Amino acid sequence: MGNLIVRRTAQMLLIMLTVSLLLFAIFDSDQFRKKVAVAELGGFGVATLSDADYQDWLQKKGLNQPFLPRYGEWLKNVAHGDLGRSLEKDVAVSTLLKESLANTGILAFFVFLIMIPLALGLGVLAGMNEGSPLDRIISFVAVLTTSIPQIATAVLLTVALALGLGWVPTKSAMTDGWSFRELVLPLATLLFYDVGYIVRMTRAAMAEVMTSQYIRTAVLKGLPYRRVILRHALRNALIVPVTLIFLELNGLLSQVVVIEVFFQYGGFGRMLYDAANFGDIQVLQAATLVAVCVAVASQLLSDAAYVLLNPRVRFT
Amino acid sequence: MKALLKHRVAVLIALIWLPLAGYVMFRPALGAFGSYLLLPAVPAVILLYVTALRRWRESSVAIVGVTLVCFWLLMAVAAPYLPLPDPNKPIAPFVPPGGIRHGVLFLLGSDMRGRDVLSRDLWGCQRVLVWGVTATSVAYLVGGACGLIGGYLGGWWDEIVSFAGNVLLSFPVMVLFILVLNLLGQSGFNIIIAVTCSSAPVIMRIVRGLALDAKSRDYIQAAQTRGEHPLWIMLVEMLPNVRAPIIVDACLRLGYTTVAITTLTFLGLGLQPPDPDWGLMIKEAATAAMLWKYSYMLIVPALSVSSLILGFNLIADGLREMSLRD
Numbered sequence: 001m002g003n004l005i006v007r008r009t010a011q012m013l014l015i016m017l018t019v020s021l022l023l024f025a026i027f028d029s030d031q032f033r034k035k036v037a038v039a040e041l042g043g044f045g046v047a048t049l050s051d052a053d054y055q056d057w058l059q060k061k062g063l064n065q066p067f068l069p070r071y072g073e074w075l076k077n078v079a080h081g082d083l084g085r086s087l088e089k090d091v092a093v094s095t096l097l098k099e100s101l102a103n104t105g106i107l108a109f110f111v112f113l114i115m116i117p118l119a120l121g122l123g124v125l126a127g128m129n130e131g132s133p134l135d136r137i138i139s140f141v142a143v144l145t146t147s148i149p150q151i152a153t154a155v156l157l158t159v160a161l162a163l164g165l166g167w168v169p170t171k172s173a174m175t176d177g178w179s180f181r182e183l184v185l186p187l188a189t190l191l192f193y194d195v196g197y198i199v200r201m202t203r204a205a206m207a208e209v210m211t212s213q214y215i216r217t218a219v220l221k222g223l224p225y226r227r228v229i230l231r232h233a234l235r236n237a238l239i240v241p242v243t244l245i246f247l248e249l250n251g252l253l254s255q256v257v258v259i260e261v262f263f264q265y266g267g268f269g270r271m272l273y274d275a276a277n278f279g280d281i282q283v284l285q286a287a288t289l290v291a292v293c294v295a296v297a298s299q300l301l302s303d304a305a306y307v308l309l310n311p312r313v314r315f316t
Numbered sequence: 001m002k003a004l005l006k007h008r009v010a011v012l013i014a015l016i017w018l019p020l021a022g023y024v025m026f027r028p029a030l031g032a033f034g035s036y037l038l039l040p041a042v043p044a045v046i047l048l049y050v051t052a053l054r055r056w057r058e059s060s061v062a063i064v065g066v067t068l069v070c071f072w073l074l075m076a077v078a079a080p081y082l083p084l085p086d087p088n089k090p091i092a093p094f095v096p097p098g099g100i101r102h103g104v105l106f107l108l109g110s111d112m113r114g115r116d117v118l119s120r121d122l123w124g125c126q127r128v129l130v131w132g133v134t135a136t137s138v139a140y141l142v143g144g145a146c147g148l149i150g151g152y153l154g155g156w157w158d159e160i161v162s163f164a165g166n167v168l169l170s171f172p173v174m175v176l177f178i179l180v181l182n183l184l185g186q187s188g189f190n191i192i193i194a195v196t197c198s199s200a201p202v203i204m205r206i207v208r209g210l211a212l213d214a215k216s217r218d219y220i221q222a223a224q225t226r227g228e229h230p231l232w233i234m235l236v237e238m239l240p241n242v243r244a245p246i247i248v249d250a251c252l253r254l255g256y257t258t259v260a261i262t263t264l265t266f267l268g269l270g271l272q273p274p275d276p277d278w279g280l281m282i283k284e285a286a287t288a289a290m291l292w293k294y295s296y297m298l299i300v301p302a303l304s305v306s307s308l309i310l311g312f313n314l315i316a317d318g319l320r321e322m323s324l325r326d
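Heads up: the sequence lines are chains G and E, in that order.
Here this note's numbering is used: position 313 in the first sequence is 313, and no number is missing along the way.
Here this note's numbering is used: position 36 in the second sequence is 36, and no number is missing along the way.
These are computed hints drawn from the structure, not numbers from a lab.
It should be emphasised that the depicted structure is a prediction, and the values quoted were computed from it without experimental measurement.
Careful, some of the hints might be misleading.
Computed footprint of chain E on chain G, listed as stretches where at least three residues anywhere in the stretch have a Cβ under 8 angstroms from a Cβ of chain E [stated by the list, open to error]:
#1 162-175
#2 223-229
#3 246-254
#4 264-276
Selected chain G positions facing chain E (Cβ under 10 angstroms, derived; list incomplete) [as the list claims (entries may be wrong)]:
#5 Leu22
#6 Ala37
#7 Val38
#8 Gln55
#9 Ala79
#10 Ala152
#11 Gln213
Taking lysine to any residue pairs in the SDA-like style, the calculated list, with each CA pair at most 25 angstroms apart, reads [said to hold, decoys possible]:
#12 G:Lys35 with G:Leu23
#13 G:Lys89 with E:Gly185
#14 G:Lys76 with G:Gln11
#15 G:Lys171 with E:Gly185
In this text, a Cβ means the ideal position worked out from N, Cα and C, and glycines have one as well.
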């Protein structure tokens, strides 16, 4: 177990290092450097700038040193938590990042709070009796909710709940302070897809376990059905869904971009999108780094959970 | 002729896809000739549908799926010949569904700039289908090649390919899309690159696993003993034998790519206006017409994209079911 964690952490560090090098190389390209110049000196300033003056500006900003020393310096700054300043809003990127991550964190917290019991419960109920009417209904609804893309879910839920019934506001910008009512639509949209996905996976795992020999033996031995399900089946059936739930953390970072933009919720995805549109390189770079960090960490957690829950697997 | 009949499905798909892709990607260069390009594709779609119905009649799920997909395919190739107003021409704004203005019937109403919603919806599926299928195919070429190399050759090849895949997979998909499209600029061809970056590693993993499994089989060892070239073994011996799970995954992946393209256009990152597109329709309606009485502008593209993706998913489900049965 400890061995695995060490190996995976080493792998993760290697990947993070590659990604950071990749990101630095991307954002260090002439094209993006020009964007920084435009943001600082104004589009007109850059257009009238002579080549020599541009080189001077690069010199002043320390941008024309060799690649490796600058990468080293950048890495050192990142390690110290100094992610630069936003070109658009002129505040430290870390402040911006903290605020938006907190907002997305609230959203993610509620998603997981509702999704875990609901999805695992429904999935187990469906998988317990494969082919029963309850199973057919749950499976059909799950296929339907996972087939509708989130952008369409967002649209349909807005039309139904906000425009039609008027229960909740259409936008979640939270301009007059935090309110749960504004959180309902983004939350429902995220849950719509994610619950369906986890239900399908849980159902498949549970159905497979229920056909296995040891469950048949337990039933034939005369154990009460409840006990067979709770003590024997669940332990094995929940391994895959639990690891998938950790991986959903990664998926959530993708999903929040479109949902936060649609509902104008001020979270991480919105910040990333705005930064990309404005050409706010510092923010975009930092946000990508954070996103990759979270994604890799979620993979590590998922692997660790798999080993912890499944005694048959022992990586050495 | 016999070979043509044997590979009927491949020929039909080529007959539909080539003119469609040419029409969507290079329309300005085609001039007047462009308006006749799609005519042979219309009967080809119908023939493809009939072939699929006959081949998959044992699975009702696949039949429903293929009906949905073929409906959109038919609309994509027939859009220029349907009696619909120009999708980009403003006629009369905010006409409710079924209303008539200036002698034009708006079956599904018109949007805030006075363009026919039905016409935009049908033309929109053309762009989504062409770019979606192209991007998925390119992702399969790259991912499949890497997977075969990694799985069959092993060793350093495998290490390199797997590590590159892991690095790409450590980006959340949307973050990768935003990064790639910001770096390369926003166009259909760059969407292909972005989708390839995000899908190819996953495809690589699947194909690599299948190749690893096939490697130990007798027929591969027989080919190795015969002294066949590795390229021959990978493409002619291995690939046809591992195709069943790949085809199922391809159907699912077509759905994912369709979602990605729609989402990217909604975010203003993908295909450029004014040509219609489902994501663009949602984006425009969501900013300009957020009222109950105008909700048809939002619902129509949302339901269209959902039905197309449902179609792809159902085909995948049906194929999986049929392959388990045999």
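- Tell me, which hint numbers fail for this structure? 2, 6, 7, 8, 9, 11, 15
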